[in-house]
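Residue numbers (the UniProt record's numbering): 1 to 472.
Read the hints as simulated data drawn from the structure, not as lab findings.
Everything numeric in this text was worked out from a predicted model, so none of it was measured.
One or more of the hints may lead you astray.
Taking CB as the label site, the calculated pair distances span [as the list claims (entries may be wrong)]:
id	residue 1	residue 2	range
1	Ala307	Pro378	17 to 27 Å
2	Lys402	Leu177	19 to 29 Å
3	Lys402	Leu300	26 to 36 Å
4	Pro238	Pro378	29 to 39 Å
5	Trp46	Asn169	36 to 46 Å
6	Lys402	Phe49	27 to 37 Å
7	Gly359	Val216	47 to 57 Å
8	Ala241	Ala307	20 to 30 Å
9	Gln71	Arg460	23 to 33 Å
10	Leu300	Leu154	41 to 51 Å
11	Gln437	Ala377	22 to 32 Å
12	Met222	Val147	42 to 52 Å
13	Lys312	Leu215	49 to 59 Å
Derived DSS-like pairs (lysine-lysine); straight-line CA-CA distance at most 27 Å [as the list claims (entries may be wrong)]:
id	residue 1	residue 2
14	Lys232	Lys352
15	Lys352	Lys402
16	Lys471	Lys312
17	Lys333	Lys402
18	Lys312	Lys462
19	Lys462	Lys420
20	Lys462	Lys352
21	Lys232	Lys312
22	Lys471	Lys420
23	Lys352	Lys333
Glycine included, C-beta positions come from ideal geometry on N, C-alpha and C.
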Amino acid sequence: MSDTLNASLPIQTATTETTFHALWRETARSLIFRAPRWEQLPASPWLIFLLFALDQGASILMAWLASSGPQQFAWITGLQNAAYFLVICWLAYVAQPPAPVPPRQVKMLSLILLLYVFSSLLWGLIYAASQLLARYGIAQSYTAQWVIYALPFLWITAAELAVFWHASNHHKLRFALVSLILLALSALYFSGVAMSYWYPAPDVDSERYAERPSLVLTQEVMEAQPALLHAKLGEVAPQRAGVVDLYTIAFAPEADEDVFRREAGMVSSVMAQRFDAAGRGIELINHVETLGQWPWATPLNLRRSIAAIAGKMDQNEDILFVYLTSHGGQDGKLAAGFWPLQVDSVTPQQLKRWLDEAGVRHRVIAVSACYSGSWIAPLASADTLVLTAADADNTSYGCGRKSELTFFGRAMFDEQLRSKTRSFETAHHSARELIRQREIAAGKDDGYSNPQISMGANIRAKLAQLEARFKP
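Assemble the whole structure, with the sequences as input and the hints as a guide.
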(Lines of atoms letter the chains of each structure in order from A and count residues from 1; the text may use other names and numbers.)
(Lines give C-alpha, C1' and ligand atoms only; values in the text may rest on other atoms or scores of the structure.)
Protein backbone atom coordinates (compact mmCIF):
# COMPACT_ATOMS: atom_id res chain seq x y z
CA MET A 1 0.00 0.00 0.00
CA SER A 2 1.24 3.49 -0.83
CA ASP A 3 2.21 6.26 1.58
CA THR A 4 -0.72 8.28 0.25
CA LEU A 5 -3.10 5.48 1.14
CA ASN A 6 -1.63 5.14 4.63
CA ALA A 7 -1.91 8.87 5.15
CA SER A 8 -5.62 8.71 4.39
CA LEU A 9 -6.15 6.02 6.99
CA PRO A 10 -6.05 7.48 10.49
CA ILE A 11 -5.35 4.95 13.21
CA GLN A 12 -8.45 4.49 15.29
CA THR A 13 -8.06 4.35 19.03
CA ALA A 14 -10.02 1.55 20.62
CA THR A 15 -9.55 -1.03 23.27
CA THR A 16 -8.44 -4.52 22.24
CA GLU A 17 -11.77 -5.93 23.36
CA THR A 18 -13.72 -3.37 21.35
CA THR A 19 -11.50 -3.87 18.30
CA PHE A 20 -11.81 -7.63 18.09
CA HIS A 21 -15.48 -7.59 19.02
CA ALA A 22 -16.16 -5.27 16.10
CA LEU A 23 -14.00 -7.33 13.76
CA TRP A 24 -15.67 -10.63 14.57
CA ARG A 25 -19.14 -9.06 14.48
CA GLU A 26 -18.58 -7.74 10.97
CA THR A 27 -16.93 -11.01 9.92
CA ALA A 28 -20.08 -12.84 11.00
CA ARG A 29 -22.15 -10.46 8.89
CA SER A 30 -19.88 -11.09 5.91
CA LEU A 31 -20.26 -14.85 6.30
CA ILE A 32 -24.00 -14.47 5.75
CA PHE A 33 -23.34 -12.09 2.83
CA ARG A 34 -24.62 -8.95 4.55
CA ALA A 35 -23.01 -5.61 3.80
CA PRO A 36 -20.27 -4.78 6.31
CA ARG A 37 -20.78 -1.68 8.42
CA TRP A 38 -17.50 -0.02 7.49
CA GLU A 39 -17.80 2.79 10.00
CA GLN A 40 -17.71 0.25 12.85
CA LEU A 41 -14.54 -1.49 11.65
CA PRO A 42 -11.20 -0.43 13.16
CA ALA A 43 -8.37 0.40 10.75
CA SER A 44 -4.68 0.28 11.53
CA PRO A 45 -1.53 -0.94 9.73
CA TRP A 46 -0.53 -2.69 12.94
CA LEU A 47 -3.88 -4.42 13.07
CA ILE A 48 -3.34 -5.70 9.52
CA PHE A 49 0.06 -7.08 10.52
CA LEU A 50 -1.46 -8.77 13.57
CA LEU A 51 -4.29 -10.34 11.56
CA PHE A 52 -1.90 -11.58 8.86
CA ALA A 53 0.25 -13.19 11.56
CA LEU A 54 -2.87 -14.73 13.12
CA ASP A 55 -3.96 -16.12 9.75
CA GLN A 56 -0.54 -17.66 9.06
CA GLY A 57 -0.34 -19.03 12.59
CA ALA A 58 -3.71 -20.74 12.18
CA SER A 59 -2.59 -22.18 8.83
CA ILE A 60 0.65 -23.51 10.32
CA LEU A 61 -1.14 -25.08 13.28
CA MET A 62 -3.92 -26.72 11.26
CA ALA A 63 -1.50 -28.05 8.63
CA TRP A 64 0.64 -29.54 11.40
CA LEU A 65 -2.38 -31.20 13.03
CA ALA A 66 -3.38 -32.67 9.65
CA SER A 67 0.09 -34.14 9.06
CA SER A 68 1.37 -37.51 10.20
CA GLY A 69 4.86 -38.77 10.89
CA PRO A 70 8.05 -36.68 11.03
CA GLN A 71 7.59 -33.31 9.31
CA GLN A 72 9.86 -30.49 8.23
CA PHE A 73 8.86 -26.83 8.06
CA ALA A 74 8.83 -25.10 4.66
CA TRP A 75 9.79 -21.47 5.20
CA ILE A 76 9.32 -20.63 1.54
CA THR A 77 5.57 -21.14 1.95
CA GLY A 78 5.54 -17.93 4.00
CA LEU A 79 6.93 -16.05 0.99
CA GLN A 80 4.23 -17.55 -1.23
CA ASN A 81 1.51 -16.50 1.20
CA ALA A 82 3.04 -13.03 1.51
CA ALA A 83 2.87 -12.68 -2.27
CA TYR A 84 -0.75 -13.83 -2.16
CA PHE A 85 -1.42 -11.18 0.50
CA LEU A 86 0.12 -8.48 -1.68
CA VAL A 87 -2.25 -9.45 -4.49
CA ILE A 88 -5.16 -9.16 -2.06
CA CYS A 89 -3.89 -5.69 -1.06
CA TRP A 90 -3.87 -4.70 -4.73
CA LEU A 91 -7.38 -6.08 -5.18
CA ALA A 92 -8.52 -4.00 -2.22
CA TYR A 93 -7.11 -0.93 -3.96
CA VAL A 94 -8.73 -1.85 -7.28
CA ALA A 95 -12.11 -2.41 -5.66
CA GLN A 96 -12.01 1.06 -4.06
CA PRO A 97 -14.24 3.48 -6.00
CA PRO A 98 -12.58 6.60 -7.44
CA ALA A 99 -14.39 8.82 -4.97
CA PRO A 100 -12.99 8.85 -1.41
CA VAL A 101 -15.89 7.04 0.19
CA PRO A 102 -15.81 4.18 2.72
CA PRO A 103 -14.61 1.52 2.99
CA ARG A 104 -10.94 2.26 3.21
CA GLN A 105 -8.56 -0.43 1.98
CA VAL A 106 -7.23 -1.26 5.44
CA LYS A 107 -10.73 -1.99 6.70
CA MET A 108 -11.31 -4.29 3.76
CA LEU A 109 -8.06 -6.13 4.43
CA SER A 110 -8.99 -6.61 8.08
CA LEU A 111 -12.24 -8.24 7.08
CA ILE A 112 -10.67 -10.45 4.39
CA LEU A 113 -7.94 -11.64 6.76
CA LEU A 114 -10.46 -12.58 9.41
CA LEU A 115 -12.35 -14.60 6.81
CA TYR A 116 -9.11 -16.49 6.15
CA VAL A 117 -8.59 -17.10 9.87
CA PHE A 118 -12.14 -18.42 10.11
CA SER A 119 -11.59 -20.73 7.13
CA SER A 120 -8.37 -22.18 8.63
CA LEU A 121 -10.14 -22.94 11.90
CA LEU A 122 -13.16 -24.37 10.07
CA TRP A 123 -11.05 -26.77 8.00
CA GLY A 124 -9.23 -27.81 11.15
CA LEU A 125 -12.54 -28.76 12.77
CA ILE A 126 -13.63 -30.64 9.63
CA TYR A 127 -10.38 -32.61 9.61
CA ALA A 128 -10.73 -33.45 13.31
CA ALA A 129 -14.30 -34.65 12.71
CA SER A 130 -13.23 -36.85 9.77
CA GLN A 131 -10.52 -38.45 11.91
CA LEU A 132 -13.03 -39.12 14.67
CA LEU A 133 -15.41 -40.80 12.22
CA ALA A 134 -12.59 -42.92 10.81
CA ARG A 135 -11.56 -43.97 14.32
CA TYR A 136 -15.03 -45.43 14.83
CA GLY A 137 -14.95 -47.17 11.45
CA ILE A 138 -17.43 -44.81 9.75
CA ALA A 139 -16.40 -44.71 6.10
CA GLN A 140 -16.71 -41.62 3.92
CA SER A 141 -16.88 -41.97 0.17
CA TYR A 142 -14.54 -40.01 -2.06
CA THR A 143 -17.48 -37.90 -3.25
CA ALA A 144 -18.57 -37.15 0.31
CA GLN A 145 -15.03 -36.10 1.28
CA TRP A 146 -14.80 -33.84 -1.76
CA VAL A 147 -18.13 -32.16 -0.94
CA ILE A 148 -17.26 -31.77 2.75
CA TYR A 149 -14.05 -29.92 1.94
CA ALA A 150 -15.31 -28.02 -1.11
CA LEU A 151 -18.43 -26.48 0.44
CA PRO A 152 -16.60 -24.43 3.12
CA PHE A 153 -14.09 -23.32 0.49
CA LEU A 154 -16.87 -22.13 -1.81
CA TRP A 155 -18.60 -20.44 1.13
CA ILE A 156 -15.51 -18.43 2.13
CA THR A 157 -14.78 -17.50 -1.49
CA ALA A 158 -18.36 -16.30 -1.97
CA ALA A 159 -18.12 -14.26 1.24
CA GLU A 160 -14.90 -12.63 -0.04
CA LEU A 161 -16.57 -11.75 -3.32
CA ALA A 162 -19.50 -10.25 -1.42
CA VAL A 163 -17.11 -8.05 0.58
CA PHE A 164 -15.46 -6.79 -2.62
CA TRP A 165 -18.88 -6.24 -4.19
CA HIS A 166 -20.03 -4.04 -1.33
CA ALA A 167 -16.64 -2.29 -1.20
CA SER A 168 -16.82 -1.38 -4.88
CA ASN A 169 -20.16 0.33 -4.38
CA HIS A 170 -21.54 -2.18 -6.90
CA HIS A 171 -19.19 -0.97 -9.64
CA LYS A 172 -19.54 -3.84 -12.13
CA LEU A 173 -16.29 -3.40 -14.08
CA ARG A 174 -14.12 -3.14 -10.97
CA PHE A 175 -15.89 -6.05 -9.34
CA ALA A 176 -15.53 -8.21 -12.48
CA LEU A 177 -11.75 -7.63 -12.55
CA VAL A 178 -11.38 -8.37 -8.84
CA SER A 179 -13.57 -11.47 -9.13
CA LEU A 180 -11.58 -12.99 -11.99
CA ILE A 181 -8.28 -12.62 -10.16
CA LEU A 182 -9.66 -13.79 -6.82
CA LEU A 183 -11.31 -16.85 -8.36
CA ALA A 184 -8.07 -17.74 -10.16
CA LEU A 185 -6.11 -17.52 -6.90
CA SER A 186 -8.73 -19.55 -5.06
CA ALA A 187 -8.70 -22.25 -7.74
CA LEU A 188 -4.90 -22.55 -7.42
CA TYR A 189 -5.17 -23.01 -3.67
CA PHE A 190 -7.96 -25.56 -3.79
CA SER A 191 -6.31 -27.57 -6.58
CA GLY A 192 -3.24 -28.12 -4.44
CA VAL A 193 -0.85 -25.86 -6.36
CA ALA A 194 -0.36 -23.80 -3.22
CA MET A 195 2.42 -25.06 -0.98
CA SER A 196 1.95 -26.39 2.53
CA TYR A 197 3.92 -25.29 5.57
CA TRP A 198 4.72 -28.91 6.44
CA TYR A 199 6.23 -31.72 4.39
CA PRO A 200 7.30 -35.24 5.36
CA ALA A 201 10.87 -35.24 6.59
CA PRO A 202 13.28 -37.29 4.47
CA ASP A 203 14.21 -40.60 6.03
CA VAL A 204 16.76 -43.31 5.47
CA ASP A 205 14.30 -45.47 3.53
CA SER A 206 13.55 -42.66 1.09
CA GLU A 207 17.24 -41.97 0.54
CA ARG A 208 17.90 -45.64 -0.11
CA TYR A 209 14.96 -45.73 -2.52
CA ALA A 210 16.35 -42.76 -4.44
CA GLU A 211 19.72 -44.49 -4.78
CA ARG A 212 18.46 -47.84 -6.07
CA PRO A 213 19.22 -48.75 -9.70
CA SER A 214 16.72 -48.01 -12.45
CA LEU A 215 15.82 -49.96 -15.56
CA VAL A 216 18.27 -49.64 -18.45
CA LEU A 217 16.70 -50.71 -21.74
CA THR A 218 19.62 -52.32 -23.52
CA GLN A 219 19.20 -54.56 -26.55
CA GLU A 220 20.11 -57.56 -24.39
CA VAL A 221 17.37 -56.73 -21.89
CA MET A 222 14.78 -56.24 -24.62
CA GLU A 223 15.64 -59.48 -26.42
CA ALA A 224 15.73 -61.52 -23.20
CA GLN A 225 12.15 -60.75 -22.23
CA PRO A 226 10.22 -62.69 -24.93
CA ALA A 227 12.47 -65.68 -24.37
CA LEU A 228 11.95 -65.49 -20.60
CA LEU A 229 8.16 -65.36 -20.98
CA HIS A 230 8.22 -68.32 -23.38
CA ALA A 231 10.43 -70.32 -21.01
CA LYS A 232 8.34 -69.62 -17.92
CA LEU A 233 5.09 -70.51 -19.67
CA GLY A 234 6.72 -73.65 -21.03
CA GLU A 235 7.50 -74.74 -17.47
CA VAL A 236 3.83 -74.65 -16.44
CA ALA A 237 2.70 -78.23 -15.79
CA PRO A 238 -0.26 -79.69 -17.73
CA GLN A 239 -3.56 -80.58 -16.10
CA ARG A 240 -4.09 -83.87 -14.33
CA ALA A 241 -7.13 -85.87 -15.32
CA GLY A 242 -9.58 -86.30 -12.47
CA VAL A 243 -7.87 -83.64 -10.32
CA VAL A 244 -9.16 -80.10 -9.72
CA ASP A 245 -5.95 -78.15 -10.35
CA LEU A 246 -5.40 -74.51 -9.43
CA TYR A 247 -3.35 -72.46 -11.90
CA THR A 248 -2.03 -69.04 -10.88
CA ILE A 249 -0.95 -65.73 -12.39
CA ALA A 250 0.43 -62.97 -10.13
CA PHE A 251 0.59 -59.54 -11.79
CA ALA A 252 2.54 -56.62 -10.22
CA PRO A 253 2.85 -53.82 -12.83
CA GLU A 254 4.05 -50.88 -10.67
CA ALA A 255 7.84 -50.83 -10.32
CA ASP A 256 8.02 -47.82 -7.99
CA GLU A 257 6.85 -49.80 -4.94
CA ASP A 258 8.70 -52.88 -3.69
CA VAL A 259 5.61 -54.01 -1.78
CA PHE A 260 3.86 -55.17 -4.96
CA ARG A 261 6.76 -57.41 -6.00
CA ARG A 262 6.93 -58.93 -2.52
CA GLU A 263 3.19 -59.46 -2.38
CA ALA A 264 3.02 -61.18 -5.77
CA GLY A 265 5.70 -63.60 -4.62
CA MET A 266 4.01 -64.21 -1.28
CA VAL A 267 0.61 -64.95 -2.82
CA SER A 268 2.15 -67.30 -5.39
CA SER A 269 3.94 -69.10 -2.56
CA VAL A 270 0.72 -69.49 -0.55
CA MET A 271 -1.12 -70.88 -3.56
CA ALA A 272 1.69 -73.37 -4.19
CA GLN A 273 1.88 -74.54 -0.58
CA ARG A 274 -1.80 -74.63 0.28
CA PHE A 275 -3.45 -75.53 -3.03
CA ASP A 276 -0.84 -77.75 -4.70
CA ALA A 277 -0.23 -75.08 -7.35
CA ALA A 278 3.56 -75.45 -7.48
CA GLY A 279 4.68 -75.60 -11.10
CA ARG A 280 1.32 -74.32 -12.31
CA GLY A 281 1.80 -70.60 -12.21
CA ILE A 282 3.73 -67.56 -13.36
CA GLU A 283 4.61 -64.19 -11.87
CA LEU A 284 4.65 -61.09 -14.06
CA ILE A 285 6.70 -58.46 -12.24
CA ASN A 286 7.91 -54.96 -13.05
CA HIS A 287 11.03 -54.56 -10.94
CA VAL A 288 14.68 -54.00 -11.76
CA GLU A 289 15.74 -56.80 -9.38
CA THR A 290 13.66 -59.48 -11.15
CA LEU A 291 14.62 -58.79 -14.78
CA GLY A 292 16.18 -62.21 -15.24
CA GLN A 293 13.74 -64.04 -12.97
CA TRP A 294 10.24 -63.09 -14.14
CA PRO A 295 8.74 -61.55 -17.29
CA TRP A 296 7.54 -57.96 -17.29
CA ALA A 297 4.05 -57.18 -16.03
CA THR A 298 2.56 -55.68 -19.18
CA PRO A 299 -0.97 -56.04 -20.57
CA LEU A 300 0.33 -58.05 -23.52
CA ASN A 301 2.28 -60.45 -21.28
CA LEU A 302 -0.79 -60.90 -19.09
CA ARG A 303 -2.94 -61.67 -22.12
CA ARG A 304 -0.38 -64.15 -23.48
CA SER A 305 -0.01 -65.81 -20.08
CA ILE A 306 -3.76 -66.29 -19.75
CA ALA A 307 -3.95 -67.82 -23.22
CA ALA A 308 -0.95 -70.13 -22.67
CA ILE A 309 -2.06 -71.35 -19.25
CA ALA A 310 -5.62 -71.85 -20.49
CA GLY A 311 -4.17 -74.23 -23.05
CA LYS A 312 -2.71 -76.35 -20.22
CA MET A 313 -5.98 -76.51 -18.26
CA ASP A 314 -9.03 -78.73 -18.39
CA GLN A 315 -11.65 -75.99 -18.64
CA ASN A 316 -14.37 -78.18 -17.15
CA GLU A 317 -12.23 -79.20 -14.20
CA ASP A 318 -9.53 -76.67 -13.33
CA ILE A 319 -9.49 -73.15 -11.85
CA LEU A 320 -7.42 -70.12 -12.85
CA PHE A 321 -6.44 -67.76 -10.02
CA VAL A 322 -5.31 -64.26 -11.04
CA TYR A 323 -3.84 -61.89 -8.45
CA LEU A 324 -3.32 -58.23 -9.37
CA THR A 325 -1.55 -55.86 -6.98
CA SER A 326 -0.79 -52.17 -7.61
CA HIS A 327 -2.16 -48.71 -7.02
CA GLY A 328 -5.69 -48.20 -8.32
CA GLY A 329 -7.79 -45.29 -9.48
CA GLN A 330 -11.49 -44.55 -9.36
CA ASP A 331 -11.55 -44.92 -13.13
CA GLY A 332 -10.97 -48.67 -12.67
CA LYS A 333 -7.45 -48.63 -14.08
CA LEU A 334 -4.62 -50.51 -12.40
CA ALA A 335 -1.52 -48.31 -12.15
CA ALA A 336 1.46 -49.50 -14.18
CA GLY A 337 4.96 -48.13 -14.60
CA PHE A 338 8.52 -49.25 -15.26
CA TRP A 339 10.33 -46.15 -16.51
CA PRO A 340 11.67 -45.73 -19.14
CA LEU A 341 9.51 -48.61 -20.43
CA GLN A 342 6.00 -47.44 -21.28
CA VAL A 343 3.47 -49.75 -19.66
CA ASP A 344 -0.27 -49.33 -20.20
CA SER A 345 -2.82 -49.78 -17.44
CA VAL A 346 -5.04 -52.84 -17.20
CA THR A 347 -8.81 -52.53 -16.78
CA PRO A 348 -11.36 -55.10 -15.60
CA GLN A 349 -13.01 -55.03 -19.01
CA GLN A 350 -9.74 -56.04 -20.67
CA LEU A 351 -9.14 -58.84 -18.18
CA LYS A 352 -12.62 -60.27 -18.72
CA ARG A 353 -12.19 -60.16 -22.49
CA TRP A 354 -8.86 -62.00 -22.34
CA LEU A 355 -10.28 -64.67 -20.04
CA ASP A 356 -13.27 -65.11 -22.35
CA GLU A 357 -11.06 -65.32 -25.44
CA ALA A 358 -8.90 -67.98 -23.77
CA GLY A 359 -11.96 -70.01 -22.80
CA VAL A 360 -11.20 -69.91 -19.06
CA ARG A 361 -14.35 -71.05 -17.31
CA HIS A 362 -13.63 -71.21 -13.57
CA ARG A 363 -12.05 -67.98 -12.33
CA VAL A 364 -10.82 -66.56 -9.03
CA ILE A 365 -9.68 -62.96 -9.35
CA ALA A 366 -8.20 -60.96 -6.46
CA VAL A 367 -7.38 -57.26 -6.83
CA SER A 368 -5.27 -55.53 -4.18
CA ALA A 369 -5.58 -51.84 -5.05
CA CYS A 370 -7.36 -48.67 -4.02
CA TYR A 371 -10.95 -48.39 -5.30
CA SER A 372 -10.73 -51.99 -6.52
CA GLY A 373 -14.42 -52.57 -5.79
CA SER A 374 -15.02 -51.05 -9.22
CA TRP A 375 -13.67 -54.31 -10.69
CA ILE A 376 -16.50 -56.44 -9.34
CA ALA A 377 -19.35 -55.50 -11.68
CA PRO A 378 -17.37 -56.01 -14.93
CA LEU A 379 -15.96 -59.38 -13.78
CA ALA A 380 -18.80 -60.95 -11.79
CA SER A 381 -20.46 -64.10 -13.13
CA ALA A 382 -21.75 -67.46 -11.94
CA ASP A 383 -18.32 -68.97 -12.67
CA THR A 384 -16.26 -66.21 -11.06
CA LEU A 385 -15.10 -65.27 -7.57
CA VAL A 386 -13.91 -61.66 -7.30
CA LEU A 387 -12.09 -60.45 -4.18
CA THR A 388 -11.04 -56.81 -3.74
CA ALA A 389 -9.04 -54.89 -1.15
CA ALA A 390 -11.52 -51.99 -1.10
CA ASP A 391 -14.89 -50.90 -2.36
CA ALA A 392 -15.29 -48.56 -5.32
CA ASP A 393 -15.20 -45.40 -3.19
CA ASN A 394 -12.33 -45.99 -0.77
CA THR A 395 -8.58 -46.44 -0.71
CA SER A 396 -6.88 -49.56 0.57
CA TYR A 397 -3.84 -49.39 2.85
CA GLY A 398 -0.27 -50.59 3.07
CA CYS A 399 1.02 -49.88 -0.44
CA GLY A 400 3.79 -47.48 0.58
CA ARG A 401 7.55 -47.91 0.39
CA LYS A 402 7.82 -48.89 4.05
CA SER A 403 5.18 -51.64 3.83
CA GLU A 404 6.24 -55.26 3.69
CA LEU A 405 2.79 -56.28 2.42
CA THR A 406 -0.51 -54.50 1.86
CA PHE A 407 -3.10 -54.82 4.62
CA PHE A 408 -5.29 -56.90 2.29
CA GLY A 409 -2.51 -59.20 1.12
CA ARG A 410 -1.25 -59.81 4.64
CA ALA A 411 -4.63 -60.49 6.24
CA MET A 412 -6.23 -62.45 3.39
CA PHE A 413 -3.35 -64.54 2.09
CA ASP A 414 -0.34 -64.42 4.42
CA GLU A 415 -2.44 -65.03 7.54
CA GLN A 416 -5.81 -66.57 6.72
CA LEU A 417 -5.19 -68.72 3.63
CA ARG A 418 -1.62 -69.61 4.60
CA SER A 419 -2.53 -71.38 7.84
CA LYS A 420 -6.12 -70.94 9.02
CA THR A 421 -8.41 -71.93 6.15
CA ARG A 422 -8.52 -72.95 2.50
CA SER A 423 -11.87 -71.25 1.97
CA PHE A 424 -11.50 -67.98 0.07
CA GLU A 425 -14.88 -66.88 1.37
CA THR A 426 -14.02 -67.57 5.02
CA ALA A 427 -10.60 -65.96 4.64
CA HIS A 428 -12.11 -62.81 3.16
CA HIS A 429 -14.70 -62.56 5.94
CA SER A 430 -12.03 -62.83 8.65
CA ALA A 431 -9.64 -60.50 6.82
CA ARG A 432 -12.25 -57.72 6.67
CA GLU A 433 -12.33 -57.36 10.46
CA LEU A 434 -8.54 -57.62 10.78
CA ILE A 435 -8.10 -54.91 8.16
CA ARG A 436 -10.65 -52.64 9.85
CA GLN A 437 -8.85 -52.92 13.19
CA ARG A 438 -5.43 -52.32 11.65
CA GLU A 439 -6.58 -49.31 9.65
CA ILE A 440 -7.94 -47.70 12.81
CA ALA A 441 -4.71 -48.46 14.68
CA ALA A 442 -2.65 -47.03 11.81
CA GLY A 443 -4.67 -43.81 11.77
CA LYS A 444 -6.24 -44.22 8.32
CA ASP A 445 -8.39 -41.10 8.23
CA ASP A 446 -10.17 -41.36 4.87
CA GLY A 447 -12.60 -44.13 5.79
CA TYR A 448 -12.59 -47.91 6.06
CA SER A 449 -11.35 -49.58 2.87
CA ASN A 450 -14.29 -52.00 3.02
CA PRO A 451 -12.97 -55.06 1.07
CA GLN A 452 -15.57 -56.61 -1.25
CA ILE A 453 -16.42 -60.11 -2.48
CA SER A 454 -18.59 -61.50 -5.28
CA MET A 455 -19.07 -65.28 -5.31
CA GLY A 456 -20.84 -66.98 -8.21
CA ALA A 457 -22.85 -70.14 -7.53
CA ASN A 458 -20.86 -72.31 -9.94
CA ILE A 459 -17.44 -71.23 -8.70
CA ARG A 460 -18.51 -71.84 -5.10
CA ALA A 461 -19.20 -75.48 -5.95
CA LYS A 462 -15.91 -75.79 -7.85
CA LEU A 463 -13.92 -74.29 -4.96
CA ALA A 464 -15.60 -76.73 -2.59
CA GLN A 465 -14.22 -79.54 -4.77
CA LEU A 466 -10.76 -77.96 -4.57
CA GLU A 467 -10.93 -77.71 -0.77
CA ALA A 468 -12.12 -81.31 -0.52
CA ARG A 469 -8.81 -82.47 -2.03
CA PHE A 470 -6.98 -81.41 1.13
CA LYS A 471 -9.36 -82.67 3.80
CA PRO A 472 -8.03 -85.63 5.81
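Hint by hint, here is what the structure shows:
Hint check: Ala307 to Pro378, Cβ distance near 20 Å, so the stated range 17 to 27 Å holds. Here the CB-CB span from Lys402 to Leu177 is close to 49 Å, at odds with the stated 19 to 29 Å. Lys402 and Leu300 have their C-beta atoms about 32 Å apart, which keeps the hinted 26 to 36 Å range intact. For Pro238 and Pro378, the hinted distance range of 29 to 39 Å is satisfied, since their beta carbons lie about 30 Å from each other.
Against the hinted window of 36 to 46 Å, the Cβ-Cβ separation of Trp46 and Asn169 comes to about 27 Å, which falls outside the hint. Hint check: Lys402 to Phe49, Cβ distance near 43 Å, so the stated range 27 to 37 Å is violated. Checked against the hint of 47 to 57 Å, the C-beta distance between Gly359 and Val216 comes to roughly 39 Å, which is inconsistent with it. Remark: the range hint 20 to 30 Å for Ala241 to Ala307 is upheld by a beta-carbon distance near 22 Å.
In this structure the supplied range 23 to 33 Å is violated for Gln71 paired with Arg460, their Cβ-Cβ distance being about 49 Å. About 45 Å separates the C-beta atoms of Leu300 and Leu154, a value consistent with the hinted range of 41 to 51 Å. A beta carbon spacing of about 28 Å between Gln437 and Ala377 agrees with the range 22 to 32 Å that was offered as a hint. One distance hint, 42 to 52 Å for the beta-carbon pair Met222 and Val147, holds here, with the actual separation near 48 Å.
Restraint check, Lys312 to Leu215: a C-beta distance of roughly 30 Å breaks the suggested window 49 to 59 Å. Only pairs whose Cα atoms come within 27 Å are accepted, and Lys232 paired with Lys352 is accepted, the gap being roughly 23 Å. For the given pair, Lys352 sits about 33 Å from Lys402 by alpha-carbon distance, which is inconsistent with the 27 Å threshold. For the given pair, Lys471 sits about 26 Å from Lys312 by alpha-carbon distance, which is consistent with the 27 Å threshold.
Our distance criterion of 27 Å between C-alpha atoms is met by Lys333 and Lys402, whose separation comes to about 24 Å. This hinted pair checks out: Lys312 and Lys462 have alpha carbons roughly 18 Å apart, not beyond 27 Å. Between Lys462 and Lys420 the CA atoms are separated by roughly 20 Å; this keeps the pair inside 27 Å, and the hint holds. A distance of roughly 19 Å separates the Cα atoms of Lys462 and Lys352; the hinted pair therefore holds under the 27 Å criterion.
Proposed proximity of Lys232 and Lys312 is supported: the alpha carbons are some 13 Å apart, at most 27 Å. Between the alpha carbons of Lys471 and Lys420 the distance comes to roughly 13 Å, so the proposed pair stays at or under 27 Å and holds. Taken as a hint, the Lys352 and Lys333 pair is honoured in the structure, with Cα atoms around 14 Å apart against an allowance of 27 Å.
When each numbered hint is compared with the structure, violations occur for hints 2, 5, 6, 7, 9, 13, 15.
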